[in-house]
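All chains, full assembly: derive it from the sequences and hints.
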Amino acid sequence: MKNLFLATRSINVTWLPNNRYYIKASLLLIWFFLGVLSLSQAQVYYTLYDGTPTTQVDQLRLINLNGTGDALIKDNFVQTAGPLVLDAANNRLLVVDMRTSQPST
Numbered sequence: 001m002k003n004l005f006l007a008t009r010s011i012n013v014t015w016l017p018n019n020r021y022y023i024k025a026s027l028l029l030i031w032f033f034l035g036v037l038s039l040s041q042a043q044v045y046y047t048l049y050d051g052t053p054t055t056q057v058d059q060l061r062l063i064n065l066n067g068t069g070d071a072l073i074k075d076n077f078v079q080t081a082g083p084l085v086l087d088a089a090n091n092r093l094l095v096v097d098m099r100t101s102q103p104s105t
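Numbered per the UniProt record's numbering, the sequence shown spans residues 1 to 105.
Here are the simulated distance ranges between beta carbons:
| no. | residue 1 | residue 2 | range |
| --- | --- | --- | --- |
| 1 | Ala89 | Leu62 | 16 to 26 Å |
| 2 | Asn90 | Asn66 | 25 to 35 Å |
| 3 | Leu29 | Asn76 | 46 to 56 Å |
Since the hints were made in silico from the structure, they are not lab data. In this text, a Cβ means the ideal position worked out from N, Cα and C, and glycines have one as well.
This is the structure:
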C-alpha cells in the first residue's frame, strides 16, 4: 500500500490589487453571467419505451433544462427508440426505431 503525502506551502498573493473596484467588477460580472444563464431557453428531448409498439409507454418527451415544463410530444410510435437526430433546417426531430425483431421472409 502506498501512502500519499501532500505538502503545502504558503502562497504569496501580493500580486492581487488591493482595490475594491476589482472586487465590485468581479461580482458584477458573476451576477451578469448568472442572469444570462437563467434566461436561456434550453430544452432536452428524450424517449421512453418498453419494447412493444402498442403501449402508451413509448413516448417522445420535451423538458426544460431546469426540470420544469415536462411535455408529451408523441406516443406509441416506435418499438425500440434509438438515437435522436435534430433537423433544425426543416424543424423536425427524427427518432431511430431500433427493432430487435427481424422482418419475416
